[in-house]
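Using the sequences and the hints, build the whole thing.
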Amino acid sequence: MSYLTIRDLEVRLKDGGRLLRRVSLSVAAGEVRGLVGESGAGKSMIGKAILGILPRSVAVTGGEILLDGVDLQGLAPAERRRRIGATCALIPQDPLTALNPSHRVGPQITDRLVDILGWERKRAEARARELLAEVHIPDPERVMRAYPHELSGGMRQRILIASAFAAEPKLIVADEPTTALDVTVQKQILKLIKEMQERHGTALLFVTHDLGVVSKVCQSLTVLYAGMVVEDTDVRSFFRAPGHAYSRALLAATPKYTDPAASLTPVPEAVIAAVRAEVAATDRGAA
Amino acid sequence: MADLTDGRGAVRRRAGARLWLSAGWLTLLVLVAIFAPLIAPQDPLMQDLMLGRLPPFWEAGSEPGFWLGTDSLGRDVLSRIIYGARIALMVALIAGTVTCLVGATLGLLAGFLRGWVDLVISRLIDIWMAFPPVLFSILLVAVLGPGLHSIILAIVLIDWTRFARVVRAEAMGQGAMDYVASARVAGRGRLGTMLREILPNVLPTIVVLLTLEMGIAVIVEAILSFVNLSISTDAPTWGGMIAEGRTSIHQAWWVLVFPLVALFLTVLSFSQLGEGLKDRFDPVLR
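Chain order of the listed sequences is A and B. Sequential numbering from 1 applies to the first sequence in my numbering. Sequential numbering from 1001 applies to the second sequence in my numbering.
Read the hints as simulated data drawn from the structure, not as lab findings. Do not take every clue at face value.
Residues on chain A that point at chain B, a partial pick, calculated with CB under 7 angstroms [said to hold, decoys possible]:
hint : residue
1    : ILE53
2    : ALA98
3    : LEU99
4    : GLY201
Quick list of in silico lysine to aspartate or glutamate cross-link-like pairs, EDC-like style, CA-CA up to 20 angstroms [unchecked claim]:
hint : chain 1 : residue 1 : chain 2 : residue 2
5    : A       : LYS191    : A       : GLU150
6    : A       : LYS14     : A       : ASP94
7    : A       : LYS14     : B       : ASP1118
8    : B       : LYS1278   : A       : GLU150
9    : A       : LYS170    : A       : GLU195
10   : A       : LYS191    : A       : GLU64
This one's a predicted model, so the numbers in the text were calculated from it and none came from an experiment. Glycine residues also receive a C-beta, built at the ideal position from the N, C-alpha and C atoms.
Spelled out as structure tokens, the structure:
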């Protein structure tokens, strides 16, 4: 039984434009699923739909999002909010804007535990210290008293990871958590996310456009194109033999460090045309 | 401005002469306003035509006790400036604060909640700003009748848009940040997110605007006094003094110049205080 199940999710702009086209995917408890696609394919939109933070101009217009068997769309907004807050967390893309510049780091981790989950402050603070140590931050005491601008990007991303795991969520959505970091830090952060995920047994939906990252972190993956699921498979068979022509082209376009000159292969026009035709076909089916 | 480094290696900005000078002048003004009856050498309302148009103390023909001279009715200029500071500061503080509260609240609501709330407030701002402010304020006071309350109300009604516009834009910018999304995911409600996450980040801007607004309030009060729509005709206001001084500028320049200097320094101090405070308290610049 998977922890998160999305069935035929439709997300549309208020003016009717389709952003997600009958997207279905599932993440089992303790599983890491990668969600890949080009910019604008709707990867982040899925994460935002699950967490209930879609932009105002966009709305879920169909399908269901089941969290532990409960359809979130069927809940009253306050109850949905509460349920998401208690069981889900977000590791955001840009650590520079994901911590509130006006508050010290410590309270940003503990306030949510205290205000929303009703923990005692002492316990929350102890938990925050423990977590900061767990994400390998030296001197957690000092960091908790620091303002975000006093810390480096990598440090801030560690703090965000600690914060995401604070309330022992069942599901974490990581929205391109390493994109804004430089390459050396990226590697450490990836390792850390993986390590934390394994230790806590959390289900993780990992949004990224980097197939290299997928191969390191994920067990299964979903490939999106224009808001449509192109392929849904496990990582091993994907890298051995991608099922869809678009996936194959995407994999071929991944830069190879051994032969940088030959590796920048764009996705062929014919493949794009074919996948666009598929998208158009589902649109006709929906209309 | 020199940057200093503290023990932890963090760069710390010095408060700077700007902050100290402006805060110094305003503190002096506040003290003078509070202790006006003790400090003022003369009764600001006492007229004595025998003592009309006395020059300030360093010029020939001045009288001791009338340091900055007298106006055409023989009232002491220094004492009137001192009592005028009371009215100016009262207007600055009350009108500035109320304007700030009204404008910032509406701006925050519009910028954070967006949707129809934003639509209504933004259109209101657009319509409001189409009125010429000075004429609008004169009209308002003329209708409401002169008095401190009318002046304050006029300032609030004219200037709330200044706050609303800027705070709305700031709140919109902050609302798009990831930390707001994180707070929402964690289960913070709309009001909580607005007050705990957004407001602290908009606060430096609000403080700067507030100090600017206090300066503007002093000017508006002076303008209204100038066109004789302030408290009452013989109440000592800076604007009123400037208006009176204007008529006798060739015979007694000091009646015009001294209140003008007081007004100028006060308005300048308010704006500089705002800038100085922003430098000091903005979490990112800090």
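A quick look at each hint next to the structure:
1. ILE53: 5 angstroms, holds
2. ALA98: The hint holds - ALA98 (chain A) has a Cβ within 7 angstroms of chain B, the shortest such distance being about 4 angstroms.
3. LEU99: At 6 angstroms from the nearest chain B Cβ, LEU99 (chain A) passes the 7 angstroms test, so the hint holds.
4. GLY201: 20 angstroms, violated
5. A:LYS191 x A:GLU150: 24 angstroms, violated
6. A:LYS14 x A:ASP94: 27 angstroms, violated
7. A:LYS14 x B:ASP1118: 17 angstroms, holds
8. B:LYS1278 x A:GLU150: Holds. LYS1278 (chain B) to GLU150 (chain A) sits at ~18 angstroms (cutoff 20 angstroms).
9. A:LYS170 x A:GLU195: Answer holds: LYS170 (chain A) to GLU195 (chain A) is near 15 angstroms, not above 20 angstroms.
10. A:LYS191 x A:GLU64: 32 angstroms, violated
The structure fails hints 4, 5, 6 and 10 (numbered hints given earlier, in ascending order).
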